[in-house]
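Visitor: Protein sequences, first through last, are from chains B and F.
So in the working numbering, spot 218 of the first sequence is number 204, and the numbers just go up one at a time.
So in the working numbering, spot 130 of the second sequence is number 131, and the numbers just go up one at a time.
Keep in mind the hints are simulated off the structure, nothing from the lab.
As the structure is a prediction and not an experimental result, all values here were calculated from the model.
Take the hints with a grain of salt, since some may be wrong.
In silico DSS-like cross-links for lysine-lysine, where the CA-CA straight-line distance does not exceed 25 Å [what the hints assert, rightly or not]: (1) F:K58 with B:K80; (2) F:K89 with B:K104; (3) F:K56 with B:K80; (4) B:K205 with F:K112; (5) B:K104 with F:K59.
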Amino acid sequence: MLTKRIIPCLDVKDGRVVKGVNFKSLSDISSPVSLGKFYSENGADELVFYDITASAEGRKLFSDILKEVASNIFIPLTVGGGINTLDDFDRVLKCGADKVSVNSGAIKNPDILEKAAKLYGSQCVVLSVDIKRVNGVFTVFSRGGRDNTGIEAIEWIKRGVSLGAGEIVVNSIDTDGVKKGFDLELLSRVCDAVNVPVIASGGAGSVDDFTKLFKEVPKISAGLAASVFHFGEIEIPELKKELKRNDIEVRLV
Amino acid sequence: MIAIIDYGVGNLFSLKSSFAAIGVEALVTDNPDEIRAAQRLILPGVGAFGDAADKLKKSGLDIVLKEEAAKGKPLMGICLGMQLLFEKSYEFGEYEGLGLIPGEIVPFEGKISKEYRIPQIGWNSLNLKNNSPIYKGLKNGDYVYFVHSFYAECEDKYKSAVSEYGIEFTASVMKDNIFGCQFHPEKSGEIGLKILKNFSEV
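This is chain B alone, in the form it adopts within the complex (with noise of 0.2 Å):
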């Protein structure tokens, strides 16, 4: 039987993992290798990378550093961040990404998710949308959450699938960094909307959190966090032992 998905995400800026609380203040963690071969080690079923570095310089960092985390885990990595053009896809699936992941490069322009997938295949092309309320209807914001779009998130998101995207990681600003729960209406009103996986992000603060994510948006495939899993505050393996004793399936180490 297929295993929901724990997923810690790794905000990368010169190297260095980082993690942000509601998008702004920005404190250093740990390195991106010994982050992810921990992770690796201790549970995660798959670790996304997003390349936070503004800088041409910071990105060749990036891309240094990714080779050398994909030389060393050997579970599925994915990478965003900065992922405009197809020089993009190429550039980190050359560093040993398997999925790249699309955000503010899909709304400048909706074609790269269906030339990427042409070209690199569906399963490769994950749109990542970040989603806020705005005068109660879900509205998509790009550049990391600063600018609003206009655009509705259920139908953009409907439309990145039918253009080959193969997966949807749905984040949500108004949970994001609040550590109360992941946005279980949002969640899943884009499972209903769409039939690729569905990975849910923003909000998780306890282990709680994930139940309750699995058992009440059954139709979700994985719970990503960062800051939980960094500081320590949910053990990955016993995070999944909790979830097993609620009857939600995982895989165990």
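Chain B is fixed; fit chain F onto it per the hints.
Guide: For chain F alone, kept in the frame of chain B given last:
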């Protein structure tokens, strides 16, 4: 020496790193002489069947692979590489594969209920069949990582493992010296590395 066949499809970085991690010499190559000289062959692949089958044919490597397989050289197809071992696929049309194992590649779509997402992405458990040497040291229920929307339909005698995803589907195959995994051993943690190690010893 293991030759990882490079025909312009998919990501060979992880496969090469995996063999390095288990101390097995592996070479990424599209050179027929190097492929003939290798003791074992890996046929990787991601993406669409038709495109991959075309590329394999255009490179002429399909002939080399068939010749080497006929000599009894161990060959392992991974993911789309496994699907290419079969006779035919119905992905976006109808395409011919290498025909090394009787059977065809069919979609999950229409076969499984709506609650199952397509593609299947993630860790699923293996139910081992027919004592394949690549599973030495593994047990029923061990998890491996899958990413696919199509699967192989073939006779039970060719199945070395099955899994459940709304239906029972072929997780891996074996026919004499030909092996195939629908999942990605190079992405399946310790279990996956063990499978690659086993293949390097068959």
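Visitor: Compare the structure with each hint and give your call.
Guide: So, going through the hints one by one against the coordinates:
With a CA separation close to 24 Å, the supplied pair K58 (chain F) and K80 (chain B) stays within the 25 Å bound. Of the pairs offered as hints, the one joining K89 (chain F) and K104 (chain B) holds, with about 21 Å between alpha carbons and a cut-off of 25 Å not exceeded. Proposed proximity of K56 (chain F) and K80 (chain B) is supported: the alpha carbons are some 19 Å apart, at most 25 Å. A hinted pair counts as satisfied when its Cα atoms are at most 25 Å apart, and K205 (chain B) with K112 (chain F) qualifies at roughly 18 Å.
The straight-line distance between the Cα atoms of K104 (chain B) and K59 (chain F) is roughly 19 Å, inside the 25 Å bound, and the hint therefore holds.
The structure meets every hint from the earlier list without exception.
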